[in-house]
Amino acid sequence: MSAFSERERALLDGPPAHEGSRSIVWLDEIECHDPFLVGGKAASLSRLAEHYPVPPGFSLTTAAFDRASVGASVETGQLILPPNLHAEVREPYHQLGALCEMENPAVAVRSSAVDEDGTDAAFAGQHETFLNVVGVDAVVYAVRNCWLSFHTPHAIEYRRKQGLPIEGVRVAVLVQQLVVADVSAVVFTANPVTGARDEIVINASWGLGESIVGGTVTPDTYRVSKGNLAVVGRQISKKRHMTVAGDSGTPEVEVPSFLRTRPALAEAQAVEMARIGLALEAEAGRPVDIECEYHAQKLYLLQCRPITTLDARSACEEE
Amino acid sequence: METLPRDTQPDPFVGTPIETPPDFPVHWDNPADESLLWTLDRVHWPRPMPPLVFAIAGDAVGRGLAAAARAYELPIADVRMAHINGYRYHANVPLDLTPAVAAARRGRSRERLRAAIGRLDTLWSVEWLPEIQERLKYWESFDLEAASISDLVVHLQETLARADRLWEIHFLLASPMHGAISEFGKLHIELFCGSKLDAYRLLTGFDNKILRAARALWQLSRQAVAVEPVRRALKGTPPTEIVPALRTFPEGQAFLVDLRAYLEEYGQRGEGLSLDHPSWLEDPTSVIENLQGYLAQPDRDLAAELAASTEGRDLLVAEARRRLAGYPAPVRDEFEFLLNAAQHAVVLSEDHNFWIDARGMYQVRRVFLEFGKRLAGVGAIERVDDVFYLTPVELADAGSNLANLDLRALAAARRAEMERFGLIDPPPALGTRPAMSRASRSATGAHAVAPDLIWGSAGSTGIARGPARIAHSLEEAGRLRRGEVLVAQTLSSSWTPLFATAAAVVTDTGGILSHAAVVAREYGIPAVLGTSVATVMMHEGQPLEVDGQQGTVRILHSAPPVPAAAGDGYGHG
Numbered sequence: 018m019s020a021f022s023e024r025e026r027a028l029l030d031g032p033p034a035h036e037g038s039r040s041i042v043w044l045d046e047i048e049c050h051d052p053f054l055v056g057g058k059a060a061s062l063s064r065l066a067e068h069y070p071v072p073p074g075f076s077l078t079t080a081a082f083d084r085a086s087v088g089a090s091v092e093t094g095q096l097i098l099p100p101n102l103h104a105e106v107r108e109p110y111h112q113l114g115a116l117c118e119m120e121n122p123a124v125a126v127r128s129s130a131v132d133e134d135g136t137d138a139a140f141a142g143q144h145e146t147f148l149n150v151v152g153v154d155a156v157v158y159a160v161r162n163c164w165l166s167f168h169t170p171h172a173i174e175y176r177r178k179q180g181l182p183i184e185g186v187r188v189a190v191l192v193q194q195l196v197v198a199d200v201s202a203v204v205f206t207a208n209p210v211t212g213a214r215d216e217i218v219i220n221a222s223w224g225l226g227e228s229i230v231g232g233t234v235t236p237d238t239y240r241v242s243k244g245n246l247a248v249v250g251r252q253i254s255k256k257r258h259m260t261v262a263g264d265s266g267t268p269e270v271e272v273p274s275f276l277r278t279r280p281a282l283a284e285a286q287a288v289e290m291a292r293i294g295l296a297l298e299a300e301a302g303r304p305v306d307i308e309c310e311y312h313a314q315k316l317y318l319l320q321c322r323p324i325t326t327l328d329a330r331s332a333c334e335e336e
Numbered sequence: 388m389e390t391l392p393r394d395t396q397p398d399p400f401v402g403t404p405i406e407t408p409p410d411f412p413v414h415w416d417n418p419a420d421e422s423l424l425w426t427l428d429r430v431h432w433p434r435p436m437p438p439l440v441f442a443i444a445g446d447a448v449g450r451g452l453a454a455a456a457r458a459y460e461l462p463i464a465d466v467r468m469a470h471i472n473g474y475r476y477h478a479n480v481p482l483d484l485t486p487a488v489a490a491a492r493r494g495r496s497r498e499r500l501r502a503a504i505g506r507l508d509t510l511w512s513v514e515w516l517p518e519i520q521e522r523l524k525y526w527e528s529f530d531l532e533a534a535s536i537s538d539l540v541v542h543l544q545e546t547l548a549r550a551d552r553l554w555e556i557h558f559l560l561a562s563p564m565h566g567a568i569s570e571f572g573k574l575h576i577e578l579f580c581g582s583k584l585d586a587y588r589l590l591t592g593f594d595n596k597i598l599r600a601a602r603a604l605w606q607l608s609r610q611a612v613a614v615e616p617v618r619r620a621l622k623g624t625p626p627t628e629i630v631p632a633l634r635t636f637p638e639g640q641a642f643l644v645d646l647r648a649y650l651e652e653y654g655q656r657g658e659g660l661s662l663d664h665p666s667w668l669e670d671p672t673s674v675i676e677n678l679q680g681y682l683a684q685p686d687r688d689l690a691a692e693l694a695a696s697t698e699g700r701d702l703l704v705a706e707a708r709r710r711l712a713g714y715p716a717p718v719r720d721e722f723e724f725l726l727n728a729a730q731h732a733v734v735l736s737e738d739h740n741f742w743i744d745a746r747g748m749y750q751v752r753r754v755f756l757e758f759g760k761r762l763a764g765v766g767a768i769e770r771v772d773d774v775f776y777l778t779p780v781e782l783a784d785a786g787s788n789l790a791n792l793d794l795r796a797l798a799a800a801r802r803a804e805m806e807r808f809g810l811i812d813p814p815p816a817l818g819t820r821p822a823m824s825r826a827s828r829s830a831t832g833a834h835a836v837a838p839d840l841i842w843g844s845a846g847s848t849g850i851a852r853g854p855a856r857i858a859h860s861l862e863e864a865g866r867l868r869r870g871e872v873l874v875a876q877t878l879s880s881s882w883t884p885l886f887a888t889a890a891a892v893v894t895d896t897g898g899i900l901s902h903a904a905v906v907a908r909e910y911g912i913p914a915v916l917g918t919s920v921a922t923v924m925m926h927e928g929q930p931l932e933v934d935g936q937q938g939t940v941r942i943l944h945s946a947p948p949v950p951a952a953a954g955d956g957y958g959h960g
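Protein chains in written order, with our numbering: chain E, 18 to 336; chain V, 388 to 960.
Check before you lean on any hint, since a few could be wrong.
To be verified - Below, simulated DMTMM-like cross-link-like pairs (lysine to aspartate or glutamate); rule was C-alpha separation at most 25 Å, straight line:
1. E:K315 to V:D720
2. E:K255 to E:E289
3. E:K255 to V:E577
4. E:K255 to V:E723
5. V:K573 to E:E271
6. V:K524 to V:E514
7. E:K315 to V:E723
8. E:K255 to V:E498
9. E:K315 to V:E721
10. V:K573 to E:D264
I should point out that these hints are in silico values taken from the structure, not numbers from a laboratory.
Bound conformation, chain E alone (with noise of 0.2 Å):
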């Protein structure tokens, strides 16, 4: 995990302690950061909203999710929902709405499981993703989605065969903004097939970034030098496919024909992505693997975690 500051680490070191915590804890908030309240993943962006431009969300959090399990039944996979769900996401809903200048804006939904020992959980199994989600209504049931998605009998058994802890799983949900991507890319600040690291790899393709995750397009990929910030490598694909916000949910579209083969960075962007790339580096003490994207010529950030994937080869190599 990242490097906590000072005041992060006193705030993890003392037990969880949430019976009385707020149940809405938006992303730009300190007390975001405790991934006993927000999960691993929620708490990990509002580090990097300190300084990066993340869009805006907030977190239903942990105590929420206690208060709504009272009475809930894991065996049955029933969840009672608490009368004031609607209204308790209703406002800050609204005021991110504010924040965006929209009245219903479209919202990302996850869940952000935290385990007993404060872990991210979400290689349960179970991580629930909801995109261009719009409207209160809608919000609420994705938040009643993600809850129940950790007490179903296909993930209890799942749990129960991982030899996970069936009970103690806490789910938070964070609700964000969906920004519709332009351009969506990948930022590595190593080179994930050669191990080197001295470059960054950028992958980048039109519209979200689920088809580029999702291997659905080849992107074009950039490789830009760590030393000088050159772009040392460009390849520009035929992109094929790309994800976009639609009417409901984030279909698959093809790309239009002229789009295809256009780069879908300008060099000035590939080298925007590296630097911050290179100072979340910095940071992490490692190298690692940002999601981010372009809309309307800003960048935000939308992940940044590190590179396990890395860490056996690289280590034999320093040594």
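With chain E's structure known, arrange chain V on it following the hints.
The following block gives chain V in isolation, referenced to the frame of chain E:
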């Protein structure tokens, strides 16, 4: 094994000569011309034309096309026109380039067209239209009757030069104009599936000169309906006798003033580019026939229909924008770029016709007619319109030797020859079919798939039933009655007023970007275009079902005997 003599061996790099039918002798002045592929454009030029018309419709148009090809670096070296047995044949001289040079040229061509597409409206309203209007003023301010014959000869040269420039502008406009509409259609299909017709619905509902002309005529018909003696005169008098009849009473005289005003504005045109036929201003018969047709339609509001079309289009545009809101900006930007360009292009596809094809060529016709009057005046030709059987060079020569000139036999012989060739079916292509040519559509391919079903291009959606009205000319089309399906070889812009009367339109030639399709969409009537065979296969009065979505025309004649109520299905379906 016997070897064929070298000259009969098929060579894939040498084209095959096209055989000409025995009734269509071809003599090539320049033997090299025989190696080109010459095609007949049946959409615009289905009939033979006299030499003076060819000077414009062939030579001037060809030079305009060549100028546009140079300006946009289109993939041809030159454009040639030949006047063969009265028909206008067109050949593109191919470029002989290496693949790399050709590719570079294609890239530049795309850039140039793209730049023009983006500036279409500015190019037209700031550069081209003012220039056209300046030229029209020049012609309008020249006193033809007062000019000496030598002044006239100078004026003729100036007129031909100015006509050349009008046709240059025409084709400088045409390439980006068609490009904008077609590129927009392509992008719309890529984004939303559907058909090009769905795309073109976003382009309708803009006013243009041709629609304005149609509405003005409609307005005139409402005036006639409101004044009983005028209505009675229009209703009960043969079209050719109406003007004298109206002169005999005050309301009629007042109506003639309005009719004259309409003709001054919109009647500087004839049927297509037929410079040798009277304009509406000279002979308003077809206009009066339209008026008569409109009298039977007491309850239409064309202005409201246009407004509804505008509203429908705005809704579709808003819906498209809503659907694209979650797409990357380059997609939205391209959509807006092409939508804006294509919307302007559709308006210009009609307006350019008003200014160049109609008004411009009306002025050229006036100059030619003045020569006709002078020549007929001294007996050099029999009739004024014999002048069209002379060439521009012969006209210029006549200026120096008017007194002793006798061109009667020459004009008569040419007229007879043209009439003779007007009776035959000209070959669609002459010269040499290129060996490595791209797959080209058969110029003669009939589109009938079943005895009672004809296929064409779907040009405007909707289904309508009605009896066929086969029209080989605008004159014949004058008989069109409300609820009938207008079936014609081609529908030029001068046929536009008929769209308010027709239940549907069907053509032999033309595509979904043709004038007929554009106007049918504006009027919301079904259109099936380019059937190749409609005017041949269908009979007058035959009940038809036109499906403008599928692009089919069904002949309903083979239906079993139907009850008397069969007529209920007629009209808009």
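(request) Please flag the earlier hints that this structure goes against, numbers listed from lowest up. (result) none
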